[in-house]
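Asker: Order-wise, the sequence lines are chains A and B.
Quick note on numbering: the working numbering labels position 38 of the first sequence as 54, and the sequence is numbered without any gaps.
Quick note on numbering: the working numbering labels position 340 of the second sequence as 352, and the sequence is numbered without any gaps.
Possibly wrong hints are sitting among the right ones.
[What the hints assert, rightly or not] Okay, the calculated bits of chain A under chain B, using three or more residues with CB under 8 Å as the criterion: (1) 17-26; (2) 51-57.
[As the list claims (entries may be wrong)] Listed next, with one range per pair, are the computed distances between beta-carbon atoms: (3) 42/A x 257/B: 33 to 39 Å; (4) 44/A x 254/B: 39 to 45 Å; (5) 40/A x 284/B: 53 to 59 Å; (6) 425/B x 18/A: 31 to 37 Å; (7) 40/A x 138/B: 47 to 53 Å; (8) 42/A x 100/B: 41 to 47 Å.
To be clear, the hints were calculated from the coordinates, so they are not data collected in a lab.
For each residue, glycine too, the CB sits at the ideal point set by N, CA and C.
Residues per chain, in single letters:
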Amino acid sequence: MKAAGFLLLLSGWALVVAALTLLPAAGTRVIFLLAGLGVELLGLVLAFRSHLTPKEDRA
Amino acid sequence: MTETGIALAIACLLIAPLAGAGLAVINTGLGRGRNAAHSMMAALCVVSVAAGMYFICGRAFQGFSGGHGFVILAGGKPWDWMGAEPWFFRGVTTAEPLLAAWFGMIAAGLAGLIPVGAGAERWRLGAILASTALLAAVTFPLFAHWAWGGGFLTQLGVNYGLGRGYLDAGGSGPIHAVGGITALAVTWIIGARRGKYSSEGMPMAIPGHNAVLVLSGCMLAFAGWLGLNAAGALLFAHVEPGRVPLIAVNTLLAASGAALASALITKIRFTKPDASLTANGWVAGLVASSAGCAFIAPAEALIVGLVAGALVPFAVELLDLRLEVDDPGGAISVHAVGGIWGMLAVGIFGRFEAGDAGQMLAQTVAVATIVGFVLPLAYGLNRALDRVIGQRVRVDGEVQGMDLYELGAGAYPEFTTHTDDYR
Numbered sequence: 017m018k019a020a021g022f023l024l025l026l027s028g029w030a031l032v033v034a035a036l037t038l039l040p041a042a043g044t045r046v047i048f049l050l051a052g053l054g055v056e057l058l059g060l061v062l063a064f065r066s067h068l069t070p071k072e073d074r075a
Numbered sequence: 013m014t015e016t017g018i019a020l021a022i023a024c025l026l027i028a029p030l031a032g033a034g035l036a037v038i039n040t041g042l043g044r045g046r047n048a049a050h051s052m053m054a055a056l057c058v059v060s061v062a063a064g065m066y067f068i069c070g071r072a073f074q075g076f077s078g079g080h081g082f083v084i085l086a087g088g089k090p091w092d093w094m095g096a097e098p099w100f101f102r103g104v105t106t107a108e109p110l111l112a113a114w115f116g117m118i119a120a121g122l123a124g125l126i127p128v129g130a131g132a133e134r135w136r137l138g139a140i141l142a143s144t145a146l147l148a149a150v151t152f153p154l155f156a157h158w159a160w161g162g163g164f165l166t167q168l169g170v171n172y173g174l175g176r177g178y179l180d181a182g183g184s185g186p187i188h189a190v191g192g193i194t195a196l197a198v199t200w201i202i203g204a205r206r207g208k209y210s211s212e213g214m215p216m217a218i219p220g221h222n223a224v225l226v227l228s229g230c231m232l233a234f235a236g237w238l239g240l241n242a243a244g245a246l247l248f249a250h251v252e253p254g255r256v257p258l259i260a261v262n263t264l265l266a267a268s269g270a271a272l273a274s275a276l277i278t279k280i281r282f283t284k285p286d287a288s289l290t291a292n293g294w295v296a297g298l299v300a301s302s303a304g305c306a307f308i309a310p311a312e313a314l315i316v317g318l319v320a321g322a323l324v325p326f327a328v329e330l331l332d333l334r335l336e337v338d339d340p341g342g343a344i345s346v347h348a349v350g351g352i353w354g355m356l357a358v359g360i361f362g363r364f365e366a367g368d369a370g371q372m373l374a375q376t377v378a379v380a381t382i383v384g385f386v387l388p389l390a391y392g393l394n395r396a397l398d399r400v401i402g403q404r405v406r407v408d409g410e411v412q413g414m415d416l417y418e419l420g421a422g423a424y425p426e427f428t429t430h431t432d433d434y435r
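Take the sequences, apply the hints, and build the full model.
Answerer: Here you go:
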């Protein structure tokens with residue numbers, strides 16, 4: 017889950033960069049930028065969740 | 013740059029190191045007394061290592077606008093990814109490049125001090141210095157190149173019509189958001205302090221040992237921030253010297269608004285204002301003021317500060333209670349959250365000429381870069397470092413206190429040193 021979180025972070029950023037390079041129209045560019053940010057948010061959530069201490073390890 | 017500008021930048025850079033002194037004192041006050049000497053010692057060594065690494069290769073990777081860089085063509089547009097200047101400050105001989113190099117050394121040290129607050133009380137001195145070396149040699153210069161050195165973020169305006177490209181006068185992004193995000197990566201890697209979380213996952217409050225240190229550190233930091241924001245604006249945003257009073261007014265208003273917002277929110281929520289959260293609010297206001305200090309009106313700076321101060325108590329609570337991120341100095345809430353808010357605030361409040369509607373988009377791309385690229389990079393570098401040297405101190409070191417364990421002497425030898433109350 018940890019690796020998936022960081023991969024999603026990188027993928028979201030790649031989406032943002034690709035939107036700038038590949039999409040000339042302002043509307044679609046904004047949509048893809050927001051999509052990239054959404055993917056990053058998902059990655060951030062996964063990264064935080066993967067660093068929570070599992071219940072069985074707490075004792 | 014005019015002679016007046018150069019003289020003013022020199023004056024500003026003379027007081028800028030006070031920002032680092034303030035952060036060091038705040039971090040020390042927020043920790044327990046048995047780690048105080050270690051915290052100050054770490055701060056001094058961090059500043060030294062950061063200056064050294066920046067001198068060796070950091071400045072070469074940061075580069076400067078119009079200098080050499082590693083450029084690729086994407087979609088017919090040049091993307092400048094990294095500076096390619098000579099190492100060891102070679103060729104840096106005239107006033108303006110020397111001032112930028114001086115600023116860079118201070119900024120790298122400041123960025124390095126931020127994770128020290130988050131990793132306090134369980135981060136080994138050797139590991140702190142190795143991590144700082146990576147930050148000052150790789151992470152900070154890379155983002156500083158994109159933000160200040162003519163890199164792809166500053167090219168967003170020219171290449172894609174996004175306003176004036178990414179704008180950040182004083183370093184909300186390159187210094188604070190980068191430092192704060194690195195602090196998050198370090199905290200994830202070294203884990204929480206011993207006894208911080210119960211077996212049910214409930215956090216234990218571990219109060220700092222000296223609120224006076226924390227609050228006086230805020231005043232020191234303010235003096236340094238005035239210099240840092242003004243010097244950054246003169247050197248990288250190329251504002252006229254006549255704008256420096258506006259920068260000072262904006263910095264003070266943002267810090268004041270942030271401190272009052274934090275005090276008010278903690279008063280409402282906990283019946284009494286919380287000193288450490290108010291201090292963190294003050295610093296978050298300073299952090300958020302940095303990016304837009306030269307581009308926004310005083311009333312807007314006050315709003316930026318109020319929002320930054322309001323964010324801090326909630327961010328601290330979210331990280332501590334829900335996400336199990338043990339950050340004794342509040343570095344992530346103050347510098348990462350405050351820094352990102354400051355970056356976005358330029359897009360919201362920045363006053364530019366007509367046709368700069370894309371500014372908000374440029375600022376958002378920079379935030380996406382911090383979260384999507386800098387966080388994995390900082391995590392990867394620090395994870396690799398952890399594999400090689402082990403970043404966390406041994407259990408007996410944590411119980412005994414870092415002062416005695418790593419330095420052999422405490423900060424307050426006249427007083428009784430408490431053993432671990434949080435076992």
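Asker: For this structure, which hints from the list above don't hold up?
Answerer: The structure breaks only hint 6.
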